[in-house]
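Undergrad: Just need the whole structure built from these sequences, with the hints factored in.
Sequence lines, in order, name chains A and B. So the first sequence is residues 2 to 364, counted in our numbering. So the second sequence is residues 2 to 364, counted in our numbering.
Calculated from the structure, these hints are not laboratory results. A portion of the hints provided could be inaccurate.
The list cannot tell twin chains apart, which means a pair is met if one copy fits it or any two copies do.
Below, in silico cross-link-like pairs of lysine-lysine (DSS-like), each with a Cα-Cα straight-line distance of 30 Å or less [unchecked claim]: (1) K157 <-> K355; (2) K255 <-> K164; (3) K164 <-> K355.
2 protein chains.
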Amino acid sequence: MTIISLWIVLTSDTLKGKGDEILESIIMGFLSEVPEITFTNPLFCGILGNTLLSTIPGVSGAGATPEKTLLTPILDAELITRGAITSHPVRPDTPTGCPTPASITRAMLQLCGLQPLFINAGLRHTPTVPCLDVYGNVGEDPRFRTAVPNAYDLVKKGEIIGKILSDRSDLLILGECVPGGTTTALCIMRALGYEASVSSSFVNNPISIKEEICRTVLERIKADVITSPLDILRYTGDPMMPVAIGISNTYLGKLILAGGTQMLAVSAVIKALGCSLPYVVTTSYVRDDPSANVRQIADQIGVKIIFVDPGFGDLGHAGLARYCIGEVKEGMGAGGAMCLAALLGHSPAEIREKILVAVNAYC
Amino acid sequence: MTIISLWIVLTSDTLKGKGDEILESIIMGFLSEVPEITFTNPLFCGILGNTLLSTIPGVSGAGATPEKTLLTPILDAELITRGAITSHPVRPDTPTGCPTPASITRAMLQLCGLQPLFINAGLRHTPTVPCLDVYGNVGEDPRFRTAVPNAYDLVKKGEIIGKILSDRSDLLILGECVPGGTTTALCIMRALGYEASVSSSFVNNPISIKEEICRTVLERIKADVITSPLDILRYTGDPMMPVAIGISNTYLGKLILAGGTQMLAVSAVIKALGCSLPYVVTTSYVRDDPSANVRQIADQIGVKIIFVDPGFGDLGHAGLARYCIGEVKEGMGAGGAMCLAALLGHSPAEIREKILVAVNAYC
Chain A
2 MTIISLWIVL TSDTLKGKGD EILESIIMGF LSEVPEITFT NPLFCGILGN TLLSTIPGVS
62 GAGATPEKTL LTPILDAELI TRGAITSHPV RPDTPTGCPT PASITRAMLQ LCGLQPLFIN
122 AGLRHTPTVP CLDVYGNVGE DPRFRTAVPN AYDLVKKGEI IGKILSDRSD LLILGECVPG
182 GTTTALCIMR ALGYEASVSS SFVNNPISIK EEICRTVLER IKADVITSPL DILRYTGDPM
242 MPVAIGISNT YLGKLILAGG TQMLAVSAVI KALGCSLPYV VTTSYVRDDP SANVRQIADQ
302 IGVKIIFVDP GFGDLGHAGL ARYCIGEVKE GMGAGGAMCL AALLGHSPAE IREKILVAVN
362 AYC
Chain B
2 MTIISLWIVL TSDTLKGKGD EILESIIMGF LSEVPEITFT NPLFCGILGN TLLSTIPGVS
62 GAGATPEKTL LTPILDAELI TRGAITSHPV RPDTPTGCPT PASITRAMLQ LCGLQPLFIN
122 AGLRHTPTVP CLDVYGNVGE DPRFRTAVPN AYDLVKKGEI IGKILSDRSD LLILGECVPG
182 GTTTALCIMR ALGYEASVSS SFVNNPISIK EEICRTVLER IKADVITSPL DILRYTGDPM
242 MPVAIGISNT YLGKLILAGG TQMLAVSAVI KALGCSLPYV VTTSYVRDDP SANVRQIADQ
302 IGVKIIFVDP GFGDLGHAGL ARYCIGEVKE GMGAGGAMCL AALLGHSPAE IREKILVAVN
362 AYC
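TA: The following block contains the structure:
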């Protein structure tokens, strides 16, 4: 591959050709900011994981029923890899007709001509596509027991993956799919001292349920005098987090964590460990969630966060338009995948068109 | 990475510097032949798998007991990835003091500065390092039941992996570790009509046991009128084989199958499917096995086979010297890894020295 980020041309005196389109994309507000990176060999990875928190009724909107949320990561990985879900009789959208963010990620990877790599951090169900597996377990309910008992081992496994991927790429877009993960993110960030409010895939964020879970968890953490960042993660995180942290520890290229509050929680642990912070990229729909305070958390952590605004409101698709009123908002690195497409020189118009065609094909 | 195969200089008029060393390596007979390939981004993968055939006493020498042969692939992957085996109380050599070929592979990847990627095709035990997992099963005993019932699905999973790796490399050295795999190879090749005799990790190849297994299997195949190559594989192969075939189907770069008779069996199926044949690279110890007819089989298949002769006889290590009298001989892509080091410009002296230092560190 011989792709160079076109953003570099913006610092030159002559803005023409692709440069103009990119300038326009900034003017149009597609990206809130252009990351100052160059790369020749980008890779998109999605970390898949489960936490039993998603099976508590009302916590997660990422599945038709609480139990079915455990299946969502493997269905999304199948959709992105194969272009369709044939292993289970489900549709890749919410009951209200919102397309899964995985369909956006799929569309962007097709536009970029890239094969995704999925990482299995700990899942209830067996994936239907090949995954780089760390042989972790489903995250336990942190109200009652240690959520990720083998967190330290998973960090080590993530570090091995970071080394492998360093040989294979110089830009890593690292997404995640962990239903219930905004609640583990809330617990982690609160335990680390952040005044965090987290986003949700529901239009109406189930704040009271999340707060109640978090209160119970923080009491356990306080009672057991748990203060080290990785021990907090062990107590109340999910399996995606230590794998992402391990990758961040050893990956030699540029790293973009593609996700909202969940990736801010990962960033908060990285910061607490004294390691260098990656970029975070998410959608404007996460930023605009009035029940969360994403920008403030990012500022407190000191992590650079970039927002992608694909303008789903006027695309002519009712389900995508629901992203604008706060449903789904983000997931499976969709924001990062759109950012990558822009970094590779695809115009906002091209990106929007590709997404529209892709989601229409499923509906 | 910006490595170009140095062999290309051999076709130019000026042989100097690295070119001289490489010429010397040919003269010294390190490689039986120089593959005509250029590359900039090599990747070493090892496919791990089990077949229950290795638990039949006397079939496999790849483990202290028949049952322990099932553990060997994950121990070898751990040794190569981490540099030591700490998960189980075992030594990385045979009871007679022969170093596992994985220690050779480890030494070569360190020399080349490359991180290996392991693929879990179907194992009894959970790997201790991250693996790209196709979620296959241990191969069944083909005397009594279908060995790889999901062989077709594993080919599809291998095809997905081939696409992923095509984005990430332009030369793939694909090794394997399947204890008992020479017996599945024998069954496959005989069922496809080859007059094959296969190699063994034992000094004294347990030919009569293998022949008896093969006779029973061929009777089942004949009785059920199984003739298509993938159905033969389903009946009597092991899980490594369909994954390797799937990768071969979609990988866009140059492919080297690193192994002896097992990789010839994979080549025989690829040939029977009408697909283009990769290179096969193995050690001279496999070629020189008087109980096998490796060169004849390769000729019959029409696959280009290259032999690496690392000259272990005079290295000053009693265990490595036993390779020359026919013990171990090859495994975990050791021959391919040595070939890769040579292709990257490392001299035979450098390669031999690195192997000696590595195996002495374990003993």
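Undergrad: Work down the list of hints and note, for each, if the structure agrees.
TA: Cross-check of the supplied hints:
1. With identical chains, the CA atoms of K157 and K355 are at most 30 Å apart between copies only, with a shortest distance of 27 Å across copies and 38 Å within one.
2. When the C-alpha separation of K255 and K164 is checked against a cutoff of 30 Å, the pair qualifies both within a copy, at 13 Å, and between copies, at 23 Å.
3. Taking the shortest alpha-carbon separations for K164 and K355, only the inter-copy value of 22 Å comes in at or below 30 Å, while the best intra-copy value is 33 Å.
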